[in-house]
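Student: Order-wise, the sequence lines are chains A and B.
Here our numbering = 1-based position in the first sequence + 9.
Here our numbering = 1-based position in the second sequence + 8.
Just so you know, the hints here were simulated from the structure itself, not pulled from any lab data.
Certain hints may be false.
To be verified - Away from chain A, derived, C-beta distances all over 12 Å, residues of chain B:
| no. | residue |
| --- | --- |
| 1 | Glu18 |
| 2 | Tyr66 |
| 3 | Val114 |
| 4 | Ala166 |
| 5 | Gly176 |
| 6 | Arg227 |
| 7 | Phe246 |
| 8 | Arg253 |
| 9 | Gly323 |
| 10 | Thr335 |
As the list claims (entries may be wrong) - If you only want the chain A side, here are some residues facing chain B, beta carbon under 10 Å, derived:
| no. | residue |
| --- | --- |
| 11 | Leu43 |
| 12 | Gly113 |
| 13 | Pro224 |
| 14 | Thr285 |
| 15 | Pro313 |
Claimed, not checked - Computed from the model, here is a short list of chain B residues facing chain A with C-beta under 7 Å:
| no. | residue |
| --- | --- |
| 16 | Val37 |
| 17 | Ser40 |
| 18 | Ala153 |
| 19 | Thr158 |
| 20 | Gly231 |
| 21 | Phe232 |
| 22 | Arg235 |
| 23 | Ala348 |
On a predicted model such as this, the values are computed, not experimentally measured, just so you know.
The C-beta atom is built at its ideal place from N, Cα and C for all residues, glycine as well.
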Amino acid sequence: MPIVEAIIISVIAASTPLLLAAAGELVVERSGVLNLGVEGMMIMGAACGFAGAYLSGSTFVGALCGIAAGMALSFVFAVLTLGLAVNQVAAGLALTILGVGLSGLIGAGFVGQKITPAPHLYIPGLSDIPVVGKMLFAQDGFVYFSVVLVIGIWWFLYRTRGGLILRAVGDSHTSAHALGYPVLKIRLMAVLFGGGCAGLAGAFLPLAYTPFFIPGMTAGRGWIALALVVFSSWLPGRLVAGAYLFGAVSILQLHAQALGLGIPSQLMTSLPYLATVIVLVLISRGRGSTGSVAPASLGVVFVPDR
Amino acid sequence: MPLVLEKRAERSAFIAIASPVLAIALTLVTMSILLLALGKNPLMALYVYFVEPLTDPYSLMEIAVKASPLVMIAIGLSLCYLANVWNIGAEGQFIMGAVTGSYLAVVTNGSDVGHWLVIVMLIMGAIGGALWALIPAICRVRFGANEILTSLMLVYVADLIMDYLVRGPWRDPKGLNFPTTASFDPSATVPVILDGGRLHAGVIVTLAVVAVAAVMLGRTIKGFEIRVVGAAPRAARFAGFKSDRLVIFTFLISGALSGLAGIIEVAGPVGVLQPGISPGYGFTAIIVAFLGRLNPIGILIAGLFLALTFIGGEGAQISMKIPLDLTKVFQGVLLFYVLACDSLILYRIRLIGAQSKTA
Numbered sequence: 010m011p012i013v014e015a016i017i018i019s020v021i022a023a024s025t026p027l028l029l030a031a032a033g034e035l036v037v038e039r040s041g042v043l044n045l046g047v048e049g050m051m052i053m054g055a056a057c058g059f060a061g062a063y064l065s066g067s068t069f070v071g072a073l074c075g076i077a078a079g080m081a082l083s084f085v086f087a088v089l090t091l092g093l094a095v096n097q098v099a100a101g102l103a104l105t106i107l108g109v110g111l112s113g114l115i116g117a118g119f120v121g122q123k124i125t126p127a128p129h130l131y132i133p134g135l136s137d138i139p140v141v142g143k144m145l146f147a148q149d150g151f152v153y154f155s156v157v158l159v160i161g162i163w164w165f166l167y168r169t170r171g172g173l174i175l176r177a178v179g180d181s182h183t184s185a186h187a188l189g190y191p192v193l194k195i196r197l198m199a200v201l202f203g204g205g206c207a208g209l210a211g212a213f214l215p216l217a218y219t220p221f222f223i224p225g226m227t228a229g230r231g232w233i234a235l236a237l238v239v240f241s242s243w244l245p246g247r248l249v250a251g252a253y254l255f256g257a258v259s260i261l262q263l264h265a266q267a268l269g270l271g272i273p274s275q276l277m278t279s280l281p282y283l284a285t286v287i288v289l290v291l292i293s294r295g296r297g298s299t300g301s302v303a304p305a306s307l308g309v310v311f312v313p314d315r
Numbered sequence: 009m010p011l012v013l014e015k016r017a018e019r020s021a022f023i024a025i026a027s028p029v030l031a032i033a034l035t036l037v038t039m040s041i042l043l044l045a046l047g048k049n050p051l052m053a054l055y056v057y058f059v060e061p062l063t064d065p066y067s068l069m070e071i072a073v074k075a076s077p078l079v080m081i082a083i084g085l086s087l088c089y090l091a092n093v094w095n096i097g098a099e100g101q102f103i104m105g106a107v108t109g110s111y112l113a114v115v116t117n118g119s120d121v122g123h124w125l126v127i128v129m130l131i132m133g134a135i136g137g138a139l140w141a142l143i144p145a146i147c148r149v150r151f152g153a154n155e156i157l158t159s160l161m162l163v164y165v166a167d168l169i170m171d172y173l174v175r176g177p178w179r180d181p182k183g184l185n186f187p188t189t190a191s192f193d194p195s196a197t198v199p200v201i202l203d204g205g206r207l208h209a210g211v212i213v214t215l216a217v218v219a220v221a222a223v224m225l226g227r228t229i230k231g232f233e234i235r236v237v238g239a240a241p242r243a244a245r246f247a248g249f250k251s252d253r254l255v256i257f258t259f260l261i262s263g264a265l266s267g268l269a270g271i272i273e274v275a276g277p278v279g280v281l282q283p284g285i286s287p288g289y290g291f292t293a294i295i296v297a298f299l300g301r302l303n304p305i306g307i308l309i310a311g312l313f314l315a316l317t318f319i320g321g322e323g324a325q326i327s328m329k330i331p332l333d334l335t336k337v338f339q340g341v342l343l344f345y346v347l348a349c350d351s352l353i354l355y356r357i358r359l360i361g362a363q364s365k366t367a
């Protein structure tokens with residue numbers, strides 16, 4: 010039983026950064042913008058988050074620094090793609106290259122330092138429930154926040170007027186523009202929100218997952234988060250399922266290694282990446298090149314004519 | 009918003025030429041500010057980065073050696089991007105080319121089989137890279153899966169396959185447990201063409217690739233087809249061009265070129281198969297492709313320029329203790345400025361007054 014409990018706790022920890030980053034990107038893509046720079050924003054969030062937490066001694070300040078770093082990078086992306094109508098794919102790639110380099114510069118002074126990991130918050134009453142209580146209600150703040158975040162996004166997208174407008178912008182920016190909605194302003198907000206989420210997801214890694222910073226510690230999680238958004242067919246509910254599925258795969262491969270099944274460790278490590286490819290193939294099958302469920306204006310440059 | 013983009017009636021020819029220059033100038037200004045923030049003398053650092061490597065013959069040869077894989081990969085990528093196919097997994101295709109090409113070198117190690125071996129290795133490397141690129145191509149054409157994500161995921165898988173091979177079956181038994189194959193025999197090595205450096209015959213192959221690509225893009229129906237499918241998919245459909253077939257074609261070519269670059273790198277300057285054979289060539293080549301305006305000659309120049317930043321970055325690390333990550337920042341910033349300046353070719357920026365705020 011303790012092993013199962015440990016596995017579930019570590020699955021939740023492994024899934025949380027994926028969920029945070031993917032939730033932000035989901036909103037971005039729903040507004041019709043494809044930001045491929047999630048990996049870059051995450052690693053910047055990790056570096057700045059750790060720096061903030063180390064210098065201030067507070068996890069909370071660290072998390073805020075991570076969010077700010079992600080938003081700052083996403084703002085650069087927004088200026089290029091929204092302001093200057095640059096190709097979103099290329100700009101997203103540039104963002105990742107830049108983020109990896111900058112995070113290395115910023116983080117260099119902090120490699121080898123240690124901080125106290127984010128405290129686990131026990132929810133009175135709930136965390137005392139036998140078996141489940143310890144697993145689900147004794148997590149750190151990031152985990153609770155990720156759940157609240159996704160519920161909030163669902164509520165915003167489907168239960169508010171703002172969410173309706175955002176989806177309209179993503180599905181047909183020309184119509185939304187004709188109706189008088191400020192397409193670029195709405196997209197700017199969405200991109201900044203996504204940047205903040207990616208930064209927070211990155212900050213989670215050195216603040217709660219491992220209490221130290223190493224360059225490149227996001228290890229492709231940003232790309233997996235992007236794949237998750239497609240996997241979820243842009244639906245928040247499925248996003249949670251997908252994030253936890255991927256988290257579980259990445260944790261189970263560690264345990265399979267520990268059991269010594271004689272499977273090369275590299276094969277196990279490659280499972281999440283292979284799973285992403287297979288899942289992409291399965292969900293895209295028979296839907297044409299972009300998939301009929303994708304926001305119709307996704308990745309299309311919009312220049313308003315007056 | 010006080011600034012708006014306004015579509016130009018036609019592409020601005022002047023800005024098309026001026027934009028890369030402007031982008032580089034803006035990058036240099038940004039980098040100077042960053043260097044000041046790091047407490048380094050920017051003028052001296054920029055000298056070490058961009059001028060010093062040009063002053064001695066050894067560094068000049070090193071620039072050519074570094075530029076060779078970048079240019080070769082970027083040529084393939086430019087075909088993809090022109091056709092609106094987003095292969096960003098060149099790094100994985102590079103690694104798989106290195107792996108499949110190395111197979112022969114590993115199994116024939118110690119038995120002198122003659123110089124035809126390296127030729128066969130190069131062909132196998134190209135095939136390996138092409139097959140690896142075929143996976144995302146088929147996923148896109150057959151199942152509609154987004155090639156950006158699939159090609160990228162396969163980079164990690166390729167890296168792990170190589171890691172497995174050099175730690176497991178292909179490890180040099182005399183290698184003190186280091187994850188590396190045995191050094192390649194001379195017959196499995198791309199020959200050096202100039203004494204006193206590492207300048208190898210692969211550089212000539214790269215130049216040939218540039219020439220062929222220039223002719224193909226500018227002078228053949230295939231090149232025209234690639235550009236039409238990318239720029240005007242609807243017109244291409246009316247012209248009877250099959251976009252699916254073009255996806256496969258561009259992926260195959262770009263995979264083959266990446267794989268060829270991979271095996272040349274391993275059988276040339278590196279000499280063994282080991283983790284870390286690529287300092288991110290496959291990703292840097294994306295910048296090279298855009299900086300070179302997706303044009304073969306432009307890519308050649310851009311590749312040499314980025315190779316210069318690699319060599320200069322190493323020099324700056326040694327002589328001025330400037331972190332190597334700065335090179336990556338430099339490349340990212342450069343790509344941003346290139347993209348931003350490129351948008352001025354199609355649009356002009358106009359300031360609008362307060363009276364037309366209802367934009």
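Student: A separate judgement is required for each hint: does it hold in the structure or not?
Tutor: Against the structure, the hints:
| no. | hint | verdict |
| --- | --- | --- |
| 1 | Glu18 | holds, 16 Å |
| 2 | Tyr66 | holds, 27 Å |
| 3 | Val114 | holds, 18 Å |
| 4 | Ala166 | violated, 9 Å |
| 5 | Gly176 | violated, 7 Å |
| 6 | Arg227 | holds, 27 Å |
| 7 | Phe246 | holds, 18 Å |
| 8 | Arg253 | holds, 14 Å |
| 9 | Gly323 | holds, 18 Å |
| 10 | Thr335 | violated, 7 Å |
| 11 | Leu43 | holds, 9 Å |
| 12 | Gly113 | holds, 3 Å |
| 13 | Pro224 | holds, 8 Å |
| 14 | Thr285 | holds, 5 Å |
| 15 | Pro313 | holds, 6 Å |
| 16 | Val37 | violated, 16 Å |
| 17 | Ser40 | violated, 15 Å |
| 18 | Ala153 | holds, 4 Å |
| 19 | Thr158 | holds, 5 Å |
| 20 | Gly231 | violated, 21 Å |
| 21 | Phe232 | violated, 22 Å |
| 22 | Arg235 | violated, 16 Å |
| 23 | Ala348 | holds, 5 Å |
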